[in-house]
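Colleague: Please work from the sequences and hints to get the whole structure.
Each chain, written out:
There are 2 protein chains.
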Amino acid sequence: MLSDITIPSPTTLVHHKSKFPSLSNHKVGFFQVHLVEPLNTFMAKSMPSSVPPLQCGRSEEIDRRNPIFDPHKIDSKLVQEMAYDALVWSSLRGLLVGDRNSQNSGRVPGVGLVHAPISLLPTPFPESHWKQACEVAPIFNQLIDRVSLDGKFLQDSLSRTKKVDAFTSRLLDIHAKMLDDMKKEDICLGLHRSDYMLDEQTNSLLQIELNTISSSFPGLSCLVTELHRSLLHQFKQHLALDPGRIPQNNVVGQFAKALAEAWAVYNNPSAVVMVVVQAEERNMYDQHWLCTVLKERYHVRSIRKTLADIDAQGKLLRDGTLVVDGEPVAVVYFRAGYAPTDYPSESEWKARLLMEQSSAVKCPSISYHLAGTKKIQQELAKPNILERFLENKDDIEKVRKCFAGLWSLDDSNIIKDAIERPGSYVMKPQREGGGNNIYGDDLKLALERMEKAGNEENAAYILMQRIFPASYPAILVRDGISFKDNVISELGVFAVYLRNKNKVILNEHSGYLMRTKVSSSNEGGVAAGFAVLDSVYLV
Amino acid sequence: MLSDITIPSPTTLVHHKSKFPSLSNHKVGFFQVHLVEPLNTFMAKSMPSSVPPLQCGRSEEIDRRNPIFDPHKIDSKLVQEMAYDALVWSSLRGLLVGDRNSQNSGRVPGVGLVHAPISLLPTPFPESHWKQACEVAPIFNQLIDRVSLDGKFLQDSLSRTKKVDAFTSRLLDIHAKMLDDMKKEDICLGLHRSDYMLDEQTNSLLQIELNTISSSFPGLSCLVTELHRSLLHQFKQHLALDPGRIPQNNVVGQFAKALAEAWAVYNNPSAVVMVVVQAEERNMYDQHWLCTVLKERYHVRSIRKTLADIDAQGKLLRDGTLVVDGEPVAVVYFRAGYAPTDYPSESEWKARLLMEQSSAVKCPSISYHLAGTKKIQQELAKPNILERFLENKDDIEKVRKCFAGLWSLDDSNIIKDAIERPGSYVMKPQREGGGNNIYGDDLKLALERMEKAGNEENAAYILMQRIFPASYPAILVRDGISFKDNVISELGVFAVYLRNKNKVILNEHSGYLMRTKVSSSNEGGVAAGFAVLDSVYLV
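So the protein lines, in turn, are chains A and B. Just so it is clear: in the first sequence, position 43 is 43 by the UniProt record's numbering, and no numbers are missing. Just so it is clear: in the second sequence, position 210 is 210 by the UniProt record's numbering, and no numbers are missing.
Just to be clear, a hint being listed does not mean it is correct.
Remember, identical chains collapse to one label, so a pair may be satisfied in a single copy or spanning two.
[To be verified] In the DSS-like style, the derived pairs of lysine-lysine whose C-alpha atoms are separated by at most 25 Å in a straight line are:
{"hint": "1", "residue 1": "K77", "residue 2": "K315"}
{"hint": "2", "residue 1": "K295", "residue 2": "K77"}
{"hint": "3", "residue 1": "K236", "residue 2": "K295"}
{"hint": "4", "residue 1": "K152", "residue 2": "K501"}
{"hint": "5", "residue 1": "K257", "residue 2": "K501"}
{"hint": "6", "residue 1": "K131", "residue 2": "K257"}
If you are wondering where the hints come from, they were derived from the structure by calculation, not from laboratory data. What you are looking at is a predicted structure, and each value in this text was computed from that prediction instead of being measured.
Modeller: Right, here's the structure in full:
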C-alpha cells in the first residue's frame with residue numbers, strides 16, 4: 001500500500017492548499033513554513049536587519065516538549081492495538097474521507113471510503129498559547145466584519161494585486177458592482193478558521209492565515225478530538241495521559257447553530273441552506289456531518305450545488321430571493337469558490353454574481369471573502385491600520401501579537417534582505433487556495449527576476465517571515481498503517497460570527513483543528529509532506 | 001460500476017451462505033427457496049400426496065401486498081434524493097462493509113469501506129406473523145437448550161450423517177469426547193437467529209433454519225432499522241408511511257447485554273470476550289459494533305482471534321481457564337467455525353477442541369452447535385419428538401406451526417414424489433454454512449443417482465418443501481446506485497438465552513433482521529440473487 005507514495009524532498013514541497021487540504025491527495029502537503037517577524041511587527045517591518053538569523057531547525061528537539069510522554073517509546077504491540085481500535089472507531093463513527101484510489105469516491109457518497117489520516121495521539125500544545133488563540137478569535141471576527149464594511153479600503157489595498165491576479169480581479173469586480181449598486185448585507189455570517197504555528201525560537205503563537213471562506217474540518221475535527229479522548233480513556237493504564245487535557249471541541253455544533261440562526265434571521269421557513277460544493281469532493285463527509293447536525297438538531301434542510309448547477313438552475317425573484325432548482329435559499333454556505341480552478345468558465349462567475357446580488361445570507365459575502373486575503377492580512381499588519389478598525393487598545397495588542405512578519409514586495413529593504421537570506425522568508429501568492437508558495441533559492445531567483453523586469457508582477461505576492469515550529473515525536477495512521485515519525489503541527493481555531501444590522505447575535509470561539517505533518521522523511525521511506533488530523537493535548 | 005456484476009439465472013443460484021451471507025460477494029445469493037409442508041407437518045411427512053401442487057410463483061403479485069404504497073411509483077428525483085441521504089447516513093453512522101473490490105477490506109479496518117447494500121424503504125410484513133415470530137423465539141431458545149442436553153439424541157440423530165459428512169463427523173467427535181469426559185457446561189449462552197419466510201399460498205410463517213452459531217448482523221440490522229425510521233420521518237410529506245410501524249430493533253444492545261452477563265457470571269474480572277473470526281471478514285463492522293457496545297456500555301474488553309491464532313497462542317490452565325495470547329477468556333463468541341472451510345488444517349480442529357475443553361462460556365458450545373444443524377431440525381419435525389423436549393402443549397403447537405415440510409432421504413414415498421415434482425422441493429446438505437442447495441432438474445438427477453447407487457450418500461442431505469414467498473416492489477441501493485425491482489424477503493428473529501446451572505438468566509426475543517433479494521432479473525440487467533439489508537414495516 002505504500003507503493004504509490006511519492007517522497008518529495010523538503011525543498012520541493014511548494015504545492016499547497018493550506019486552506020483546504022486535499023486529504024485524499026497526500027502527495028501534496030498543506031503546511032507552509034513561514035517567515036516569522038519579531039513580536040513588535042509594526043516596528044520590524046521597515047527594519048529587516050532586526051530579524052534574527054533563524055536556523056533551519058526543522059526537526060530539532062526542544063526542551064519545552066512534554067517530558068512525561070514520548071509516543072515513540074510505546075511498544076509496537078500496544079501501538080498496533082491502539083491503531084486497530086482507532087481504525088474501527090473511525091469506521092463506525094464516520095471519521096472518513098473518500099479514498100483517492102477509488103474513482104467515484106469524490107462524487108458518490110457511501111463508496112470508496114477510507115478512514116481519515118490521523119495522529120494516533122493528541123499533540124502537546126502549551127495551554128497559555130491555546131488560551132491566547134481562543135481569546136483572540138472573537139476579536140478577529142470583529143476585525144473581519146469591520147474591514148468588510150470598508151469597501152474603499154478593500155478596493156484600494158487590492159488595487160495593485162488586481163492588475164496581475166485575474167482571480168482577485170474578478171472578485172473585486174463583483175465587489176465593486178455591489179458598491180455601485182449600493183447593495184447592503186443586513187445579515188452577515190462568518191464561519192472562520194484562524195491558523196497558527198508556534199514559533200520555536202520566539203516561543204510565540206503566529207498566525208499563518210485567517211480563512212473567511214470554506215473553513216474546512218468542522219465535522220472531522222470534532223471526531224478526531226472524540227477519538228483521542230476515547231483512546232486516552234481506554235488505554236489510560238498504559239499511557240498516563242489525562243483525557244481531560246484534550247479541550248472539548250464542538251465546532252460542528254457551533255457552526256450548525258450559526259447556520260441555523262442565520263437561517264432563522266432570514267425568516268423564510270420554506271427556504272434551505274445551500275452548500276456550494278466542488279463537483280468532486282473527497283472531504284464530503286466533513287460537510288455532510290455539518291449538514292446532518294443542522295438537519296437533526298435544528299431541522300434546517302440543506303441542498304448541495306456546484307457553481308455550474310447554480311448558474312443553470314438559479315434565478316432571482318423580484319424581492320431578491322435566490323431560488324435554485326425551485327428552492328428558495330436562505331443561506332449560501334461556500335465550500336467551493338475559493339480557488340481559480342473553481343471557476344473554469346463564465347458560468348461559475350455568473351453564479352457567484354447571482355448569489356451576491358441576492359438577499360440570501362452569504363457565508364461569506366464577497367467583502368468577507370476579500371477581507372480574508374493574504375494581501376489584506378499584510379495590509380492590516382502595517383502600522384496604524386488596525387487602529388482604523390478596532391477601538392479597544394487591548395484588542396489591538398492581542399491581534400498584533402499574532403501577526404507574523406508581513407511585507408509587500410515594493411519594500412526594497414526587505415527585498416534586499418530576502419535575496420541575501422532567502423531561507424528566512426517565504427513568498428506567498430496573493431490568491432487564496434492552492435497557491436504555490438516559494439522558498440529558498442526559488443524565492444531568491446524570483447525576486448531577482450522581478451526586480452530586473454521592474455513590472456507589476458510583484459504585486460501578486462507578499463513576503464512572510466518564515467516560522468520554524470518545534471518538532472515532536474508522533475504516531476501517524478494512514479491507509480490502515482501506523483508509523484512513528486517526527487511531526488510539526490498547525491493549530492486552527494474556529495470561530496462563528498453573526499450580525500443582523502447593528503445587532504451582533506453570535507461572536508465566539510467555537511472549536512479547533514490540529515493538523516500535523518511529518519517534519520522530515522523517515523527512514524522507512526514514508527512520504528514527508530502529507531498531513532493528518534490531530535487534536536490538542538494541553539501542557 | 002455495474003460491469004463486474006454477473007447475472008446468474010434463477011436456476012443457477014445454488015451457492016448459498018444462508019447463515020452468513022457474504023455481503024461483499026453479491027454474485028452469490030444467500031436466499032434459499034424452500035419446500036413448504038402443510039401446517040400439520042408431522043402428519044404430512046408420510047403422506048407426500050397431500051402436499052398441494054405449489055406453483056413456481058416467483059414474482060406473482062398478491063392481494064395482501066400493502067395497497068397504500070408502491071415504491072416503484074415514487075418519482076425518480078425523490079428516489080435519488082432519498083438514496084443520497086441514505087448513503088450519507090450509512091457512511092456517517094457505520095452502516096458499512098468491506099468492499100469486495102478492495103484487496104485489504106476484509107483484513108484491515110478503516111480501508112476499502114463501502115455502504116452496506118440496503119433496501120431504501122422497509123418491506124411490508126403482516127403484524128400477526130411478526131408477533132408470531134417474536135413470541136416463538138424464547139420457546140425455540142428453550143428447545144435448543146433442552147436438545148443440547150440430550151447428548152444421545154444428538155449422536156443418534158446424526159449417526160448416519162456422520163458417515164458421509166466429514167465436517168459434522170468432526171463436530172460429533174468433539175461432542176462425543178466431551179460426553180466421555182463428563183464435561184459439563186454450567187453456563188450456557190445462545191445468541192440465536194431464527195429465519196423465516198412467509199409462504200404465499202398457505203399464508204403461513206415457515207422456518208428456514210435456526211442459527212445457533214455465528215448469527216450475523218446484530219450490529220448492522222439495528223442501523224438499517226434506524227436508517228429506515230429516519231428516512232420515513234424525513235420524507236413523511238412524500239411517503240405517507242408511519243415510522244412507528246417499523247418495530248424497534250435493539251439486537252446489538254441485547255447481544256452485548258447477554259455477552260456481558262455471561263462474562264459476569266463467569267466471574268473473572270481480568271478475562272475477556274474472545275471473538276473467533278475468519279482471517280478475512282468483510283462483514284467485520286457488524287462484529288465491531290457488537291464489541292463496541294460491549295466495551296462502551298458494559299466495559300467488557302474483547303479480543304479477535306482466528307482458529308489458527310487460538311491453536312498457536314492458546315492454552316488451558318489447570319483449573320480449565322482458557323488463556324489466549326496471555327489473556328484469560330471468559331466467553332468464546334464464534335463468528336467463524338461454522339463451515340468446513342474454516343478448518344483448513346488440524347490446527348483449527350485442535351483449537352476448537354481446546355476451547356470446548358475449557359471452562360470458558362462457549363457461544364455456542366459444541367452441543368448448541370449440533371442442535372442447530374439441519375438434520376436436527378428435520379428430526380425435531382418428526383411426530384412426537386418435540387414432546388420429548390417441551391412440556392407445554394401450547395409451546396409445542398407454536399413451534400410446530402413454524403416447521404416447514406422436512407424429510408430425510410430414506411423415505412421412499414417422498415423420494416418418489418420429489419423425482420416426479422422436483423419444483424416443489426429443495427435438497428439441502430446437512431452441513432452448516434455455505435452449503436449448496438439443490439433445486440429442480442438437478443435435484444431430480446441427484447435423487448435418481450443416489451437411489452441407483454444405494455449407498456449412504458443420501459444421509460448427507462435432507463429434503464424440504466419449497467416455500468414460495470410473495471414478491472414486492474422495492475428500491476434497492478448497492479455500490480452507491482439505486483434501482484427498482486421486485487423482491488422477496490426473509491425475516492430473521494434474534495433471541496438471547498443465558499442459563500447458569502438451573503437458573504435461566506435471559507430468555508428473550510431481542511430484535512430482527514430483514515434480508516431482501518431480487519426475485520427476478522430486472523430488465524436493466526442487474527443481478528438477481530444478491531441480497532440487501534432491510535427492515536420491517538408492519539401492515
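Colleague: It remains to establish, for every hint, whether it holds in the given structure.
Modeller: Hints and how they fare:
1. Within a single copy, K77 and K315 get their C-alpha atoms only as close as 59 Å, which misses the 25 Å cut-off; across copies the closest is 21 Å, which meets it.
2. With identical chains, the CA atoms of K295 and K77 are at most 25 Å apart between copies only, with a shortest distance of 20 Å across copies and 42 Å within one.
3. Only between protomers do K236 and K295 lie at most 25 Å apart by alpha-carbon distance; the minimum there is 15 Å, versus 36 Å within a single protomer.
4. Taking the shortest Cα distances, K152 and K501 sit within 25 Å of each other inside one copy (20 Å), while across copies they are farther apart (85 Å).
5. With identical chains, the CA atoms of K257 and K501 are at most 25 Å apart within one copy only, with a shortest distance of 19 Å there and 55 Å across copies.
6. For the identical chains of this complex, K131 and K257 are intra-copy neighbours only, at 23 Å inside a copy versus 43 Å across copies, given an alpha-carbon limit of 25 Å.
Every hint, counting from the list given before, is met by this structure.
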